[in-house]
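One point on numbering: in my numbering, the residue at position 100 of the sequence shown is 100, and numbering is uninterrupted.
There could be a bad hint or two in this list.
[Said to hold, decoys possible] Derived lysine-lysine pairs resembling DSS-like cross-links, with alpha carbons at most 27 Å apart:
no. : residue 1 : residue 2
1   : Lys208    : Lys99
2   : Lys274    : Lys187
3   : Lys78     : Lys217
4   : Lys267    : Lys208
5   : Lys78     : Lys99
6   : Lys217    : Lys240
7   : Lys58     : Lys96
8   : Lys58     : Lys99
9   : Lys267    : Lys187
10  : Lys58     : Lys78
11  : Lys217    : Lys267
12  : Lys282    : Lys99
13  : Lys274    : Lys99
14  : Lys96     : Lys78
15  : Lys240    : Lys229
16  : Lys187    : Lys229
[Said to hold, decoys possible] If you anchor each label on the Cβ, the simulated ranges turn out as follows:
no. : residue 1 : residue 2 : range
17  : Tyr30     : Lys267    : 28 to 36 Å
18  : Gly35     : Ala98     : 46 to 54 Å
19  : Lys217    : Gly35     : 35 to 43 Å
20  : Asn33     : Gly283    : 45 to 53 Å
21  : Asp207    : Asn33     : 21 to 29 Å
None of these hints come from the bench; they were simulated from the model. Bear in mind the structure is a predicted one, so any value in this text is a computation, not a measurement. Yeah, the Cβ is synthetic: ideal placement off N, Cα and C, and Gly gets one too.
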Amino acid sequence: MERVMPGIYGEPMLTLLAPAKVNLSLEVLYRRNDGYHELRSIVQSLSLCDRLSFSPAKMVQISSDSPDWQPEHSLVSKAVTLFSERCGQSSGVNLKIAKRIPLVSGLGGDSSCAAAVLKGLNKVWGCGYPCWRLMEIGAELGSDVPFFIMGGTAMMEGRGETVTPLPTLNQMWAVLLVPPISMPPDKTAVLYRNLHPDSFTSGEIGDKLLEDICHGKLSPSLCFNVFEKVAFTLFPELVKYRWQFLEAGAYQISLAGAGPTLFTLLKDRNTAEKIYHNLCQKGHQAYLVSTLGPLD
1 MERVMPGIYG EPMLTLLAPA KVNLSLEVLY RRNDGYHELR SIVQSLSLCD
51 RLSFSPAKMV QISSDSPDWQ PEHSLVSKAV TLFSERCGQS SGVNLKIAKR
101 IPLVSGLGGD SSCAAAVLKG LNKVWGCGYP CWRLMEIGAE LGSDVPFFIM
151 GGTAMMEGRG ETVTPLPTLN QMWAVLLVPP ISMPPDKTAV LYRNLHPDSF
201 TSGEIGDKLL EDICHGKLSP SLCFNVFEKV AFTLFPELVK YRWQFLEAGA
251 YQISLAGAGP TLFTLLKDRN TAEKIYHNLC QKGHQAYLVS TLGPLD
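Taking the hints into account, I'd like the entire structure generated from these sequences.
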């Protein structure tokens, strides 16, 4: 997942991958007194990754190969600033990001890159923080960031800051469909605001999924996302794309995070490839990826 080598100005000395994720289960248990929602979610890393290259520099420079990605409005810039404050460093770094995870897609690209920044600067600047400390810093940036410090298969609890590693899944394949639906940048907050008490669950859905995972298997029919009903109501175009996904051969379809990405999990690569190619032939933005174990 990483390549470390001596560097001079302009030459990469460290390269890290920042993987996408899907929530295999996402339950909200209740609304807390502090305004946050108590959640319980089983999360899985995917092989669709952004790539971050770090090289020595006299000041902080951040760039990307995506013209639509603005670093000044991303968690990446916030991660650099926060980590500099926490470790008392004023060194520079030249950070180049090759974006592969679609923007505002529900796949966690911004949070994953922020986590990779914390891990990368920890090495490049020689701070030597342990994983738990990076996760604490990551929690200040966003609820998903602590998970991405670890990766693999994990249980997220609290508002997301409590992360427990789970047994690594036997490799499965995921087909992702990214509908061209315009969603607000604060879509997660919008979906949370539209949840009602009858949306809350007890955590039993995740318990059943957890039992599967601990026995070395995963039934896609157990996947659940509390946002799905609300998202399909607020963004009815999702219904059309779900039907087109079914027509391409998918059976069990879930919403990724706060959307709009839809995904299906399969054990058989050939079946996954057929669904992927069917979507591509219809002109959809689709990805064929696999589940990914913990990061180094």
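Now for the hints, and whether the structure bears them out:
no.	hint	verdict
1	Lys208 x Lys99	violated (35 Å)
2	Lys274 x Lys187	violated (31 Å)
3	Lys78 x Lys217	violated (38 Å)
4	Lys267 x Lys208	holds (19 Å)
5	Lys78 x Lys99	holds (18 Å)
6	Lys217 x Lys240	violated (31 Å)
7	Lys58 x Lys96	holds (15 Å)
8	Lys58 x Lys99	holds (24 Å)
9	Lys267 x Lys187	violated (31 Å)
10	Lys58 x Lys78	holds (19 Å)
11	Lys217 x Lys267	holds (10 Å)
12	Lys282 x Lys99	holds (24 Å)
13	Lys274 x Lys99	holds (26 Å)
14	Lys96 x Lys78	holds (15 Å)
15	Lys240 x Lys229	holds (14 Å)
16	Lys187 x Lys229	holds (14 Å)
17	Tyr30 x Lys267: 28 to 36 Å	holds (35 Å)
18	Gly35 x Ala98: 46 to 54 Å	violated (37 Å)
19	Lys217 x Gly35: 35 to 43 Å	holds (38 Å)
20	Asn33 x Gly283: 45 to 53 Å	holds (48 Å)
21	Asp207 x Asn33: 21 to 29 Å	holds (25 Å)
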